[in-house]
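2 protein chains.
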Amino acid sequence: MPTILVVGSLAYDDVRTPVAHRDRVLGGAASYFASAASRYAPVRLVGVVGDDFRDEDVARLADQGIDLGGLERRHGDSFRWTGSYDFALDTAETINTDLGVFGDWRPKVPDGFAHSDFVFLANIDPEIQLAVLDQVRAPTAVALDTMNYWIDHSRDALLRVLRRVDIVSINEGEARQLCETFSIVRAARDILALGPRVLVVKRGEHGASLFTRESSFWAPAFPLEDVVDPTGAGDTFAGGFMGYLAECGSVDGPALRRAVLHGTVCASFAVERFSIDGIAGATRDEIARRYRALQDLIAV
Amino acid sequence: MPTILVVGSLAYDDVRTPVAHRDRVLGGAASYFASAASRYAPVRLVGVVGDDFRDEDVARLADQGIDLGGLERRHGDSFRWTGSYDFALDTAETINTDLGVFGDWRPKVPDGFAHSDFVFLANIDPEIQLAVLDQVRAPTAVALDTMNYWIDHSRDALLRVLRRVDIVSINEGEARQLCETFSIVRAARDILALGPRVLVVKRGEHGASLFTRESSFWAPAFPLEDVVDPTGAGDTFAGGFMGYLAECGSVDGPALRRAVLHGTVCASFAVERFSIDGIAGATRDEIARRYRALQDLIAV
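Residue numbers (the working numbering), protein chains in the order written: chain A, 445 to 744; chain B, 445 to 744.
Calculated directly from the structure, the hints in this document are not laboratory data.
For glycine and all other residues, C-beta sits at the position ideal for the given N, C-alpha and C.
Errors might be hidden in some of the hints.
[To be verified] Computed spacing ranges between beta-carbons, pair by pair:
id: 1; chain 1: B; residue 1: 499; chain 2: A; residue 2: 528; range: 55 to 63 Å
id: 2; chain 1: B; residue 1: 534; chain 2: A; residue 2: 668; range: 18 to 26 Å
id: 3; chain 1: A; residue 1: 516; chain 2: B; residue 2: 538; range: 51 to 59 Å
id: 4; chain 1: B; residue 1: 744; chain 2: A; residue 2: 730; range: 14 to 22 Å
id: 5; chain 1: A; residue 1: 670; chain 2: B; residue 2: 535; range: 20 to 28 Å
id: 6; chain 1: B; residue 1: 693; chain 2: A; residue 2: 740; range: 18 to 26 Å
id: 7; chain 1: A; residue 1: 697; chain 2: B; residue 2: 693; range: 31 to 39 Å
id: 8; chain 1: B; residue 1: 463; chain 2: A; residue 2: 556; range: 53 to 61 Å
id: 9; chain 1: A; residue 1: 740; chain 2: B; residue 2: 637; range: 18 to 26 Å
id: 10; chain 1: B; residue 1: 740; chain 2: A; residue 2: 516; range: 44 to 52 Å
Work out the full structure, taking the sequences as your base and the hints as a guide.
Written as structure tokens, this is what we have:
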């Protein structure tokens, strides 16, 4: 079975929505990604946490079969994010970010992780993403996520890392910002011209779009009556997407399309509960059932 | 071939977008609907225009094969709408509305139109939609569109007309407003409980969703590099949707899904140019080609 390596944040989130709030719940891109991807294939995690990180949260990740051989524990506080959502539950307003030990972290990929088949570089300084790429051999595919901050402040490094990855996973707004165009079609073409052969544009409640040089694929979000907390939806999507690719052992066109649906399904579980509770609690059977339901929602 | 009756507005629009503007161009729900639907099946139009309505615009509609036997010309000005779009080209800001002769119009359906197979009640006072329903026999299906104003100001009449139609075509925001819920899934269930057996929720650049009591179908918009003017997209969608149903002579589940794609394709042509120029200029061959492209964009 192909293996997946994820390098990214583990965090404690304080999340407010119009109807509920939770403090100090397990979050971070790597937590969400790994929880989803581990439903499909063996996942190795490289991340950093502080003194305050609870053993039970380490156990929650380990219990999902995630290999934590790359988890560093350092003196200081864990990455802490405080965010708030309005009634539309679409865009998070960041109230506060304390990088803690994540701030000056330079990931070290353990020797045993260097040969991974799929690598996901979660959102972090693109200079660090480049440094991680120097430590891995990923014969099948490397994917990365990024955010508006790096587009604004580290554009050159971001362009350099984009040349070295196979798959980019990015929000619709960030794709527009990166390419300075409102048209997603044009932005997709521009991003693919920068190096990657696959682009996934995450459109939140509106779904996700997949672009290659040959074609594009447009999937809706899985319709839900109640969304509890959209935090981590994008990273959970990426986890389901990469997880499925690893499981099926292919990155051809049809596999990529099915991977989008798996990402969509995983994200739908994630947003139904706070923290990783939704995706970690979904059985493979429930994932399969929702996958078939999603297929039916788009079949002509 | 089954026939289609549309009752609704013809207008002159003044439209501003961030990159262009046009004054006094042919618009109105019935113009857009009929231009799309007439690509598929014979269309009869019931509407009203003022002294200022140009003969060449009457000719433009007639040249598409639209039966204008229900077009009244009255003393006064035609319905005039002035709208503006920001860079996102999603929601129109209405700058001004002059109802003109449309304001106190009571549609009279000519005897020859009373037996139509499909009826589209474009957005207008629901009391008037009810009065139109009393004048027609529509054995196959009646569809209606409405808007936020009637939801706020004529809710009772709107609920009465909803009980008498088969298909509702409505914007996402209006569906939420009508049902006082943010969840489209819940809003859809509520609207179907009011009487219609089919609901189409138009989601603008994010596509359209179809709901019946048995299932739902989620289609993306047709991706375009350049949108020139979104005015009329929803009515053009409805025209392609109803037109296809009339052409194929069925309103079963698979036909409804294909109809959503036809509506999507027609709308994509409409937004590429001002006024009805885009949809009126699209050949049946171009429509078929874009339909196949759209099928490929959603195929798994």
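Hint by hint, here is what the structure shows:
Separated by about 58 Å at the C-beta atoms, residue 499 of chain B and residue 528 of chain A satisfy the suggested range of 55 to 63 Å. In this structure the hint that residue 534 of chain B and residue 668 of chain A lie 18 to 26 Å apart at CB holds, the actual value being about 23 Å. Distance hint for residue 516 of chain A and residue 538 of chain B: a CB-CB separation of about 57 Å, consistent with the stated range 51 to 59 Å. Restraint check, residue 744 of chain B to residue 730 of chain A: a C-beta distance of roughly 20 Å satisfies the suggested window 14 to 22 Å.
In this structure the hint that residue 670 of chain A and residue 535 of chain B lie 20 to 28 Å apart at CB holds, the actual value being about 26 Å. Judged by the Cβ atoms, the range 18 to 26 Å given for residue 693 of chain B and residue 740 of chain A holds: they are separated by roughly 25 Å. Taking the beta carbon of each, residue 697 of chain A and residue 693 of chain B are about 35 Å apart, inside 31 to 39 Å as hinted. Between residue 463 of chain B and residue 556 of chain A the Cβ separation comes to about 55 Å, which falls inside the hinted range of 53 to 61 Å.
A C-beta distance of roughly 22 Å is found between residue 740 of chain A and residue 637 of chain B, which places it inside the suggested range of 18 to 26 Å. Separation of residue 740 of chain B from residue 516 of chain A is about 46 Å and conforms to the stated range, judged on CB atoms against 44 to 52 Å.
Comparing the model with each earlier hint shows no violations; every hint is respected.
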